[in-house]
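As you go down the protein sequences, you meet chains A and B in turn.
Letter 95 of the first sequence, counting from 1, is numbered 95 in our numbering, and no numbers are missing.
Letter 100 of the second sequence, counting from 1, is numbered 100 in our numbering, and no numbers are missing.
Just so you know, the hints here were simulated from the structure itself, not pulled from any lab data.
Incorrect hints may have been included.
What the hints assert, rightly or not - Subject to a maximum C-alpha distance of 20 Å in a straight line, what follows is the list of computed EDC-like cross-link-like pairs (lysine to aspartate or glutamate): (1) B/K113 - B/D68; (2) A/K32 - B/D43; (3) B/K113 - B/E93; (4) A/K32 - B/E183; (5) B/K170 - B/E183; (6) B/K187 - A/D3; (7) B/K170 - A/E33.
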Amino acid sequence: MTDERMDEILGAEDELVPSSGFLASVMERVRKEAAAPPPIPFPWKRAVPGIVVATGVFGWSAVEFARRIGPAMGSVTLPPVQLSAALVRPLEQAGWVVAACALSIATWLLSRRLAR
Amino acid sequence: MQPALESCCRTALEVGMSTTAQNAAGNVVDADAADVSRVLAGDVNAFEGIVRRWQGPMVNMAWRYCRDRARAEDLAQEALVRAWRGLATWRQESSFSTWLFALAANVCRNDLKRFPAVNLPIEKIAEPARAADQQTKAEERSRYEVVRRAVLALPRRYREPVVLFYFHEKDVAAAARTMGLPEGTVKARLSRARELLRRRFPGLEKERAGIKMREEAGA
Numbered sequence: 001m002t003d004e005r006m007d008e009i010l011g012a013e014d015e016l017v018p019s020s021g022f023l024a025s026v027m028e029r030v031r032k033e034a035a036a037p038p039p040i041p042f043p044w045k046r047a048v049p050g051i052v053v054a055t056g057v058f059g060w061s062a063v064e065f066a067r068r069i070g071p072a073m074g075s076v077t078l079p080p081v082q083l084s085a086a087l088v089r090p091l092e093q094a095g096w097v098v099a100a101c102a103l104s105i106a107t108w109l110l111s112r113r114l115a116r
Numbered sequence: 001m002q003p004a005l006e007s008c009c010r011t012a013l014e015v016g017m018s019t020t021a022q023n024a025a026g027n028v029v030d031a032d033a034a035d036v037s038r039v040l041a042g043d044v045n046a047f048e049g050i051v052r053r054w055q056g057p058m059v060n061m062a063w064r065y066c067r068d069r070a071r072a073e074d075l076a077q078e079a080l081v082r083a084w085r086g087l088a089t090w091r092q093e094s095s096f097s098t099w100l101f102a103l104a105a106n107v108c109r110n111d112l113k114r115f116p117a118v119n120l121p122i123e124k125i126a127e128p129a130r131a132a133d134q135q136t137k138a139e140e141r142s143r144y145e146v147v148r149r150a151v152l153a154l155p156r157r158y159r160e161p162v163v164l165f166y167f168h169e170k171d172v173a174a175a176a177r178t179m180g181l182p183e184g185t186v187k188a189r190l191s192r193a194r195e196l197l198r199r200r201f202p203g204l205e206k207e208r209a210g211i212k213m214r215e216e217a218g219a
């Protein structure tokens, strides 16, 4: 099929005329949206103190947790694992690959969710 | 099937034709700008002028994306409502039509991503059966429709350049502006799309040649 033939088939189409109620239905939607009250803005003034308090509590909890668990963890001694360097290096690399893949998937899923 | 208004604007503004055409295009541009200003000033009814002028092109553009009349009207309506919501974002650097077509293309593209118009890959689309010698106009139209539907089965990156190229009356620059892509990219994708269609429908050209030969022999 040459370009001319393709132009002949794809280029020549009858023009559609919108149905008689199209204009009215668009305007109805527009007027409805115009008449709707504006969206309620996020109450930042009320939320900010709560966010500050929550952040403080989480931070304090994290510090306390680290303080209590830290010494206990220090007393635990795990048996050393002996792995040859030939095995450790590919494992390290595989770990980075897995981490990069996981990060990419997470970013992709997040962007899809935000785009909706 | 370039919409008359768009065609009129392009002719007068970009090519530079008769004074009458320039006046007509100028009137459309002025009317759009004036209506947008009125809407932004709070006059909702002024949007009716915009809908009246652009409803045809919007529906026809959406039709080329999905080839389903009801769905095309829904998509066109959605595009116009979104245009109303986002009128303040039109920065008058580009023409109103460019902005509106880009917005409508985005609406169609996103909708078709969720619900494709054709679920078959292009390789699975059957070539229309060879026509009989006495092929009627209706038969020919239905065979052409198969080719037009096959465009919707093209991979997404090749489908849209074809849809918009023919919607904009074979104007690559206009199609590129609507897609927000460089002209070179659109040309390359268009060429690849044509190649895919050519491979899918090799019989149509042969058949055309046969019809011409018969016509010449008859004459």
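### Query
Going back to the hint list, which numbers does this structure go against?
3, 4, 7
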